[in-house]
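J.: Chains as they are written, first to last, in the numbering used here: chain A, 1 to 130; chain B, 131 to 616; chain C, 617 to 716.
Since the hints were derived computationally from the structure, they do not count as laboratory data. Do not rely on the hints blindly, as some may be mistaken.
[As the list claims (entries may be wrong)] Pulled a few chain B residues facing chain C out of the computed Cβ check, cut under 10 Å:
# : residue
1 : GLY191
2 : ILE264
3 : LEU271
4 : PHE303
5 : TYR312
6 : ASN335
7 : LEU337
[Claimed, not checked] A few chain A residues that face chain C, going by a derived Cβ cut-off under 10 Å, partial list only:
#  : residue
8  : ILE21
9  : VAL23
10 : ILE29
11 : GLU82
12 : ALA84
13 : PHE85
For every residue, glycine included, the Cβ atom is placed at its ideal position computed from N, Cα and C.
Okay, here's what each chain looks like letter by letter:
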Amino acid sequence: MEVFLRGYSALGPYVPVFLFIVVAVTFGIVTLFIAKLVRPHRPYPEKLSPYECGVPPLMEARERFFIRFYIIAILFVLFDVEAAFLYPWAVLYGKLGLYGFIEMMIFIGILLVGYFYAWRKGALDWVKEG
Amino acid sequence: MNFVLPEIDLGAIAPQLWLTATAILVLMVQAFVPLVTSRSLALLSIIGSLLSLVATLGLWGQEAVLFSGMIALDTFSLFFNVVFLLGAILTVLISVEYLEREQIAHGEYFALVLFATVGMMIMAAGVDLIAIFIGLEILSLSLYVLAGFMRQVLRSNESAMKYFLLGAFATGFFLYGIALLYGATGSTNLDRIFLIAGERGGWGNVLVMGGMGLLLVGFGFKVASVPFHMWTPDVYEGAPTPISAFMSTAAKAGAFAAFVRVFLYSLPGLAASWAPLLAGMAVLSMVVGTLLALVQRRNIKRLLAYSSIVHVGYLLLGLLSGGTEGGASVLFYLLAYTFMQVGAFAVVVYLGGQGEDDLSLARFSGVAVRHPVAALAFSLFLLSLAGIPPTAGFVGKFYIFSAAIQAGHIGLAVVGVLTSVVSLYYYLGVIVFMYMRDPVDLPERRPSAALVTALALAVAGTVEMGLFPGSLLDLAQQSVASLLGS
Amino acid sequence: MVPLSHYLIVSAALFAIGVAGVLVRRNAIIIFLSIEIMLNAVNLTFVAFSRFLDSLSGQIIVFFVMTVAAAEAAVGLAIIVSIYRNRESVDVDRVNLLKG
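Could you build all of it, start to finish, from the sequences and the hints given here?
T.: Next comes the structure, spelled out in structure tokens:
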């Protein structure tokens, strides 16, 4: 292997990765194959149905979700990513000092406007009142 | 590690700040004050825009680069601020009546228009590709929502979806272009890119050329030039009519502001490479747009969409001519175009019935009998779009074509003149319907004061710029000169 | 060390996959996912250049791109949900009211 790869200096660091992939794939295939050879084969309907916490499945998994889930998901995506900007600020808080503090308060203030808006519009209520 | 904290000069971005504050205020008032009418929110938006306009005029003549080389304060960006604010104010004015008629009078609408305008201002002032990108996205995201503002109307939903998918697609190209230029020059600052891309110009540097090409594709989508125009008619037709007006004027001006700044200011060294591409886009836009407009009878908004593609062709021709003359002709034309295009859409808002199920040319039959003033105004705007003297459209085209001839693009100028002659046919078609056909039953209605104001402003602007273009052209030349430093 | 060109090739391939996805697929959600692949290909390019040029700004740009992509995702999902409520389909070929 080493001899084979000697010309490819750039690929050098990948050799362990390749080995790892080869071992992982082989392990999976070999295990499944041996299991298939030794295990008994006695199917019945209960056994063939998909496993769902041990309870028999009631209906199709593909159905429409309540629209609230989407709204919560959208809000989560928005606010979650904005939080990424807090991290570098927090790490360098000491060096940025008051300047950074005021900047970040403005940033959070603008985010809060969006939050108040969503709140006021009832996007955060699970059951809409009135 | 030592920090150099970016210098903050809030005065220099006062126009943007006023507008942002107003937009946030509109949003909050709308959410927290019960029973506030959309008319009062429209008034608030206009007051905010006027404050921003005053701030813009107050900064006139100052020059600086601020916020660690992100934002420039120069006459170029200030000129564009005026165009954007004008577009925003006219849009708000023609929206009031439309929103009530379509029962979508929510305050978010005005907030989004203002946010979009802030985005344009950032685009026009950005001297770093990242600032331009952020501005572009503020603009685009607001417009995606505005295009789909009629939530219950499938047409509007479709318009928003098409605009969103193609706009996001274009954003991908634009960003990849930025990434490649960053890789080639180590910076996203336009000054640095100017220095380094100039040294490495020519076909030698794959990264620079690739980045430039991808930026061209991104801008091509955003300004709706052929071959990246497919979305335009569908989106304009489905979007609320005032938003179609806004998209085709102010939003386009925003994209052109960044287009001019990036290509004329930062990448002139590569002109030998981008000029042929731009020339191709300009010719295709003019010719294809004209051909498509010729066969459009079904919907006046689609007709105006196709005609806007032709106008993009003219603007690209001005950009291609380059230098102070070419750049100034683009600025002048964008201002003139804002007046006449928003004016034309204002008449469509006035004459269109609720739901706008029928906007075919037949609907405009005999409008001159029932609504003589509207018919007269519409004729003025259409003739100006066609480039008949003495209107703003004529003067604008004249400057663009003469700049093109000075720059040696005689063939392209000929194509431009020919397409504007042909375009007269489809614009006159509408006028023929209005004046020479028997009237159809149009519902009687009285326009709101806001709509009348918008129409009066647009008429005044179109005529004014047609009769006395000198001072505005000087202004446009100063603006481009401040950009190119000549 | 892995040379820069490898990163660029991977990101160009990813970008091309995204573009192909947008052009070939007909489901709005899948098209949108393809666009996200394009944006992430760009992010990879930025990070690779940033490391190669030893300049931090590339990584900061990625922050902005991620935020913008999230905002885009929110707006896009909202549009797609609203079209689905009116039409029960997000197939772009069936979204065909606007033709000229």
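J.: Minimum Cβ distance from B/ASN335 to chain C below 10 Å?
T.: This hint is violated: B/ASN335 lies away from chain C, its Cβ roughly 14 Å from the closest one there, beyond 10 Å.
J.: The hint names B/GLY191 as touching chain C; please verify it with the least Cβ-Cβ distance against 10 Å.
T.: 32 Å, violated
J.: The hint names A/ILE21 as touching chain C; please verify it with the least Cβ-Cβ distance against 10 Å.
T.: Because about 17 Å separates A/ILE21 from the closest Cβ in chain C, which is outside the 10 Å limit, the hint is violated.
J.: Given B/ILE264 as an interface hint, is the shortest Cβ-Cβ distance to chain C below 10 Å?
T.: Since chain C brings a Cβ to about 7 Å from B/ILE264, closer than 10 Å, the hint holds.
J.: Minimum Cβ distance from A/GLU82 to chain C below 10 Å?
T.: Hint holds; A/GLU82 Cβ to chain C Cβ min 7 Å, cut 10 Å.
J.: Holds or violated: is the Cβ of A/ILE29 closer than 10 Å to a Cβ in chain C?
T.: 27 Å, violated
J.: Once the shortest beta carbon distance from B/LEU337 to chain C is found, is it less than 10 Å?
T.: 9 Å, holds
J.: If you take the shortest Cβ to Cβ gap from A/ALA84 to chain C, is it below 10 Å?
T.: The hint holds - A/ALA84 has a Cβ within 10 Å of chain C, the shortest such distance being about 6 Å.
J.: Would you check whether B/TYR312 satisfies its interface hint, that is, whether its CB is within less than 10 Å of any CB in chain C?
T.: Status holds, d = 6 Å.
J.: Hold the hint about A/VAL23 up to the distance rule: shortest CB distance to chain C must be less than 10 Å.
T.: This interface hint is violated because 22 Å lies over the 10 Å limit.
J.: Classify the hint on A/PHE85 as holds or violated, based on whether any CB of chain C lies nearer than 10 Å to its CB.
T.: 7 Å, holds
J.: Take the shortest C-beta to C-beta distance between B/LEU271 and chain C; is it under 10 Å?
T.: With Cβ-Cβ at 5 Å, under 10 Å, it holds.
Hint compliance for this structure: hints 1, 6, 8, 9 and 10 are not met, and every other hint is.
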